[in-house]
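Participant: Produce the complete structure using the sequences and hints provided.
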Amino acid sequence: MLERLKSTIARLGHTSLEGIRRLGEMARFFVLVLSSSGTSLERFRLVMREVYFTGVLSLIIIVVSGLFVGMVLGLQGYQTLQRYGATESIGVLVALSLVRELGPVVSALLFASRAGSAITAEIGLMKTTEQLAAMDMMAVSPMARVIAPRFWAGVISMPILALLFSAMGVFGGYIIGVVMIGVDNGAFWSQMQAAIDFRYDVLNGLVKAFVFGIAVSVIATFEGHDAPPTAEGVSRATTRTVVTSALVILALDLVLTAFMLREDH
Amino acid sequence: MEKTTIDLWFGAFVAAGFAALLVLAFKVGNLGGAERAGETYRVDARFDNIGGLKVRGPVRSAGVLVGRVSDIHFDNERFQASVTLALDKRYSFPKDTTASILTSGLLGETYVGLEAGGDSKALASGDRIQITQSAVVLEKLIGQFLFSKAQEEPAKK
Numbered sequence: 006m007l008e009r010l011k012s013t014i015a016r017l018g019h020t021s022l023e024g025i026r027r028l029g030e031m032a033r034f035f036v037l038v039l040s041s042s043g044t045s046l047e048r049f050r051l052v053m054r055e056v057y058f059t060g061v062l063s064l065i066i067i068v069v070s071g072l073f074v075g076m077v078l079g080l081q082g083y084q085t086l087q088r089y090g091a092t093e094s095i096g097v098l099v100a101l102s103l104v105r106e107l108g109p110v111v112s113a114l115l116f117a118s119r120a121g122s123a124i125t126a127e128i129g130l131m132k133t134t135e136q137l138a139a140m141d142m143m144a145v146s147p148m149a150r151v152i153a154p155r156f157w158a159g160v161i162s163m164p165i166l167a168l169l170f171s172a173m174g175v176f177g178g179y180i181i182g183v184v185m186i187g188v189d190n191g192a193f194w195s196q197m198q199a200a201i202d203f204r205y206d207v208l209n210g211l212v213k214a215f216v217f218g219i220a221v222s223v224i225a226t227f228e229g230h231d232a233p234p235t236a237e238g239v240s241r242a243t244t245r246t247v248v249t250s251a252l253v254i255l256a257l258d259l260v261l262t263a264f265m266l267r268e269d270h
Numbered sequence: 006m007e008k009t010t011i012d013l014w015f016g017a018f019v020a021a022g023f024a025a026l027l028v029l030a031f032k033v034g035n036l037g038g039a040e041r042a043g044e045t046y047r048v049d050a051r052f053d054n055i056g057g058l059k060v061r062g063p064v065r066s067a068g069v070l071v072g073r074v075s076d077i078h079f080d081n082e083r084f085q086a087s088v089t090l091a092l093d094k095r096y097s098f099p100k101d102t103t104a105s106i107l108t109s110g111l112l113g114e115t116y117v118g119l120e121a122g123g124d125s126k127a128l129a130s131g132d133r134i135q136i137t138q139s140a141v142v143l144e145k146l147i148g149q150f151l152f153s154k155a156q157e158e159p160a161k162k
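In order, the protein sequence lines correspond to chains A and B. Residue numbers for the first sequence follow the working numbering, so the first one is 6 and each next one is one higher. Residue numbers for the second sequence follow the working numbering, so the first one is 6 and each next one is one higher.
Treat the hints with caution; some may be incorrect.
Said to hold, decoys possible - With a Cα cut of at most 20 Å, we get these calculated SDA-like pairs of lysine to any residue:
hint, chain 1, residue 1, chain 2, residue 2
1, B, Lys32, A, Phe176
2, B, Lys59, A, Leu101
3, B, Lys126, B, Thr45
4, B, Lys59, A, Leu266
5, B, Lys59, A, Phe203
6, B, Lys32, A, Leu208
7, B, Lys32, A, Ser102
FYI, nobody ran anything at the bench for these hints, they're computed from the structure.
Facilitator: See the structure below:
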């Protein structure tokens with residue numbers, strides 16, 4: 006009995022220590038990426054290439070999901086607002102929830118599963134096939150040549166994708182609210198404009214997207230770089246990227262929202 | 006992937022992002038409003054109760070947006086709310102204009118309504134609107150209604 010209890014506690018301690026060790030390694034990795042990103046900013050084409058793979062190729066999923074999310078918000082909002090005879094506020098509901106919350110959060114989750122997992126798999130496979138080691142041998146820093154460009158591409162792409170998601174969502178809400186249901190066009194836009202403040206709502210949403218972009222990029226590149234050089238190791242690293250990113254995004258969202266609401270008017 | 010293709014896609018991607026930001030700023034947000042800093046003049050007004058009025062709330066005259074609420078604070082000498090209105094320079098109002106706190110609809114936003122008087126002199130920057138009307142507080146109205154109802158009851162018997 007005592008032995009079993011001891012082993013359980015020992016396992017818990019081991020897991021916690023392992024978690025703390027990984028957190029420290031990730032922080033060191035983050036600093037290393039930042040310090041070796043001079044090359045990728047100097048030769049910006051490296052970043053542009055990665056933006057194409059992480060950002061541009063994510064456009065379709067982001068745009069289509071944004072449209073659908075906006076449409077669903079429009080339909081659901083209409084159902085509820087109808088009871089209070091305030092269907093004109095449907096624009097406010099759709100735009101506010103998209104710009105403040107759903108735009109940054111959902112697009113970050115999609116970005117983590119679409120682009121983050123791809124980055125992890127790519128870097129992990131490069132490590133498994135010893136391409137990173139070969140680069141090191143040729144005195145080409147894999148940090149500067151492979152990892153930093155992917156990190157910066159994620160940081161650049163994420164806010165743009167979140168903005169597109171929100172804009173498409175508002176358009177989806179417009180299609181459902183004004184075109185399909187027949188809410189007055191003028192009231193739809195004017196109430197939206199009266200309720201949404203550029204600085205408090207749009208810019209704060211952009212700040213969120215930027216922070217999520219940093220978090221997802223660091224996690225994706227770190228997991229890839231840290232993956233055990235086996236097929237199983239790469240697959241587990243890819244899974245970990247998606248799971249950790251999702252948890253970190255939602256936790257960061259809570260923290261950021263708490264800070265932003267405090268300054269709210 | 007060719008260099009020019011990547012350049013093209015990168016450019017298109019960033020341009021799409023900027024377009025989305027502009028849409029969110031001007032079509033969805035309030036950055037496209039007519040009010041520009043420096044083209045307004047400030048007028049004060051004191052109210053007994055401002056209800057749900059907020060800074061940046063609209064100021065309307067005859068239903069048209071003529072300015073915004075720029076500051077609200079509590080006057081501790083008169084125990085009243087002191088509201089500063091930033092009115093558009095294009096519109097001028099007589100000195101005896103009435104300001105009242107109104108609500109658009111039952112659940113709508115609170116705004117300041119201006120009703121022009123008959124004075125030949127116009128309000129200038131820094132003036133105070135003398136005639137004001139406070140917000141209607143629903144609880145007080147109900148209280149008054151119940152009170153008068155209660156007074157009626159014995160008379161009927």
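Participant: Look at each hint and say if it fits the structure.
Facilitator: Hint check results:
no. : hint                : in the structure
1   : B:Lys32 to A:Phe176 : 11 Å, holds
2   : B:Lys59 to A:Leu101 : 18 Å, holds
3   : B:Lys126 to B:Thr45 : 18 Å, holds
4   : B:Lys59 to A:Leu266 : 16 Å, holds
5   : B:Lys59 to A:Phe203 : 16 Å, holds
6   : B:Lys32 to A:Leu208 : 15 Å, holds
7   : B:Lys32 to A:Ser102 : 16 Å, holds
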